[in-house]
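Peer 1: Listed here are the chains, written in short residue letters.
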Amino acid sequence: MAAPAPRPEAGGLLDAWPAPEGEAGWAAAARRRAAERLLARGAPGRRDEYWRFTNPANLLALPAAPAEVLAEDATPIFEAIDRLRLVFVDGVFAPELSDAPELDGVEIEPLASALAKDIHWAREAFGALEARGQEPVDRPFATLNTARAREGIAIRVTGRAARPVSLVYLRRDAGADVQVRHVLRLEAGADLTLIETGAGAARFNQVLEAEIGEGAALHHVRTQGRDHDRRAATALFARLGPAATFKSFTLTLNGRLTRNEAVIEFAGDDAVAHVAGACVGDGDFHHDDTVFISHGALGCESRQVFKKVLRAGAVGVFQGKILVRPVAQKTDGYQISQALLLDDDSQFLAKPELEIYADDVACSHGSTCGAVDEHMLFYLTSRGIPRAEAEELLVLAFLDEAIAEIEDARIAAGMRERLAAWLARRRG
Amino acid sequence: MLNVENLHVRLEEEDKAILKGVTLSVGAGEVHAVMGPNGSGKSTLSYVLAGRDGYAVTEGSAALDDLDLLGLEPEERAAAGLFLAFQYPVEIPGVGNMTFLRTALNAQRKARGEDEVNAADFLRLVREKARTLNIDAEMLKRPINVGFSGGEKKRNEILQMAVLEPRMCILDETDSGLDVDAMKLVAEGVNALRGPERSFLVITHYQRLLDHIRPDVVHIMADGQIVATGGPELALEVETNGYADLLKSVA
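Chains A and B supply the protein sequences, listed in that same order. With this note's numbering applied, the first sequence corresponds to residues 73 to 500, in that order. With this note's numbering applied, the second sequence corresponds to residues 555 to 805, in that order.
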């Protein structure tokens with residue numbers, strides 16, 4: 073591996089976020105280790121291989137640039153789905169706006185209280201996957217999050233959750249610059265759907281660690297809010313035990329800058345992980361999906377499906393890597409990233425990577441970038457559908473391959489509605 | 555109904571003339587056939603009338619009743635009652651057949667200032683039309699033309715025609731790639747739509763389709779022009795003697 077390029081110093085970032093006090097000794101130690109790691113490795117810079125396509129400057133600048141708070145939707149997404157709502161306002165958990173955190177087979181604890189106690193599972197989980205996820209590529213925003221994030225939820229699932237847990241991020245303060253950390257552990261055979269909605273903050277640093285035990289299933293679905301000026305750096309760390317399932321889907325509408333990282337590790341045989349994303353960007357929009365999947369067990373299946381629709385100067389980035397270690401025979405890896413460019417001003421930058429050390433595997437990847445198909449457009453307009461509407465149908469069709477990755481039909485329908493509404497608003 | 559007058563068309567990308575003065579007039583309720591060898595410009599005529607990009611009209615006109623077609627967008631032509639059944643219907647993954655048809659019908663109705671058809675009425679309408687064309691419900695649920703056989707694609711074109719009820723229907727080699735049974739089914743679908751207010755321009759290579767869809771007038775096209783016009787007997791002559799003889803006699 074090449075020696076890391078010199079990076080900007082990270083001390084200023086740590087100073088800007090005071091270390092939490094009053095936590096248990098183990099939590100304080102985990103914080104300290106992360107802070108030391110960040111100081112030693114530095115903040116991300118343009119010379120980093122994985123920041124070549126996305127300038128981290130605005131994610132690092134102090135203070136964060138404000139982002140106008142949009143009025144909340146009259147009909148919030150997923151309103152019709154029965155779920156346990158945990159509400160955050162500007163990144164701060166708001167129990168008074170939330171449902172009582174009671175769900176059979178699910179333990180829910182605010183991060184601060186989980187880190188103040190000696191909870192065996194939280195102690196094992198907090199910061200562990202983030203630390204493992206620093207190889208082969210540093211993820212400094214996630215490390216900063218481990219060192220400093222005070223807000224978030226710790227969830228342990230021991231059974232099949234009867235309804236989804238929904239994290240709702242409301243915004244009030246245009247200048248909020250927040251870090252949120254969620255820690256999840258699914259014990260053997262557990263099953264949970266986790267929904268995240270909302271822009272979070274003007275600048276949102278969010279990390280989710282998920283340890284998924286044998287035969288357990290985590291379904292993760294999120295929408296990142298339609299606030300135009302927001303910026304976000306998120307990281308998703310998942311480790312799968314034998315026969316575990318992890319499926320994650322993200323819908324991104326608007327946002328000046330979004331960097332979504334996913335780091336997935338197969339630690340047990342026959343597990344399945346799917347990560348998918350659909351994004352629609354118009355104008356000053358930069359969206360980056362950076363995915364690293366490490367196959368370290370037999371017969372696991374990974375699947376990445378990312379679709380981006382870009383126009384008026386919007387930029388899409390996809391960096392996806394599948395690493396198949398020597399032990400990971402019978403791996404089935406698939407990766408597709410596609411962009412639909414609605415004009416000549418938009419850009420899609422893709423870096424698909426396969427690194428395979430086992431000889432009996434099936435891995436494939438593809439990446440395409442193009443305009444709306446004129447034959448399809450003519451077919452639709454020749455039937456009387458106005459061009460703008462025909463183009464929307466094709467945009468939705470293009471994104472649908474990613475949305476089809478969502479298993480829950482109601483959630484998928486919610487995503488489609490949200491997209492259609494966004495497009496209709498564009499049309500005016 | 556349809557009046558094409560001295561239509562000259564070339565490709566936009568290259569300086570190549572395709573239509574070199576086509577004139578034809580299809581009256582209300584009439585069925586006209588256009589036959590001709592490969593490369594004579596038959597499909598180009600259908601595309602230009604429907605409004606496909608990539609062609610430049612250098613001379614002449616095309617009108618649907620008193621409406622100048624050439625100045626309209628494809629969707630405006632459709633709303634005005636023009637329909638092109640494609641030689642190669644396009645597959646569109648991700649867009650359901652039913653969504654597509656309903657969007658198209660309501661867009662046309664909206665453009666004409668008519669009320670939109672609600673979901674229940676639409677479903678009833680499509681099911682009824684689909685039954686007569688032997689199209690099963692499963693096919694309607696699938697994305698547009700995706701995984702359809704050649705025959706299914708052509709039947710789907712006729713279904714769209716039946717639902718949209720255009721006044722001027724252009725069928726571009728609807729018989730190509732069909733076996734005899736499928737062709738009969740498609741022809742029956744077309745015949746069921748014939749009426750005093752609806753006209754057809756049937757483009758075909760072969761006479762056999764015209765056994766099933768009886769034309770009033772047959773045009774022979776060659777090298778971008780209509781070189782002969784006559785009754786159904788003209789099609790039979792082509793079938794017996796081929797285009798070469800006919801073109802020789804015209805020259």
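If you're looking for bench data, these hints aren't it; they were derived computationally from the structure. Just so you know, these numbers come straight off a predicted model, no measurement behind them. Ideal Cβ placement from N, Cα and C applies to all residues, glycine included. Among the clues, some could well be false.
[Stated by the list, open to error] Between beta-carbon pairs, the in silico distance windows are:
#, chain 1, residue 1, chain 2, residue 2, range
1, A, Ile153, B, Tyr760, 49 to 59 Å
2, B, Arg663, A, Asp416, 33 to 43 Å
3, A, Glu168, B, Lys695, 39 to 49 Å
4, A, Ala460, B, Glu793, 44 to 54 Å
5, B, Val644, A, Gly83, 52 to 62 Å
6, A, Ala430, B, Gly701, 47 to 57 Å
7, A, Ala101, B, Gly701, 52 to 62 Å
Peer 1: Using the Cβ atoms, figure out if Val644 (chain B) sits within 52 to 62 Å of Gly83 (chain A).
Peer 2: holds (59 Å)
Peer 1: Taking 47 to 57 Å as the stated bounds, is the beta-carbon spacing between Ala430 (chain A) and Gly701 (chain B) within them?
Peer 2: violated (34 Å)
Peer 1: Taking 39 to 49 Å as the hint, is the beta-carbon distance of Glu168 (chain A) and Lys695 (chain B) inside that range?
Peer 2: holds (46 Å)
Peer 1: CB of Ala101 (chain A) to CB of Gly701 (chain B), is that within 52 to 62 Å?
Peer 2: Taking Cβ atoms as reference, Ala101 (chain A) and Gly701 (chain B) lie about 58 Å apart, which means the hint holds.
Peer 1: Range hint 44 to 54 Å: satisfied by the CB atoms of Ala460 (chain A) and Glu793 (chain B)?
Peer 2: The hinted range 44 to 54 Å holds for Ala460 (chain A) and Glu793 (chain B), with Cβ atoms some 46 Å apart.
Peer 1: That 49 to 59 Å hint for Ile153 (chain A) and Tyr760 (chain B) (C-beta), does it hold up?
Peer 2: holds (57 Å)
Peer 1: Range hint 33 to 43 Å: satisfied by the CB atoms of Arg663 (chain B) and Asp416 (chain A)?
Peer 2: Hint holds: Cβ distance 35 Å, inside 33 to 43 Å.
Taken one by one, the earlier hints fail for this structure only at number 6.
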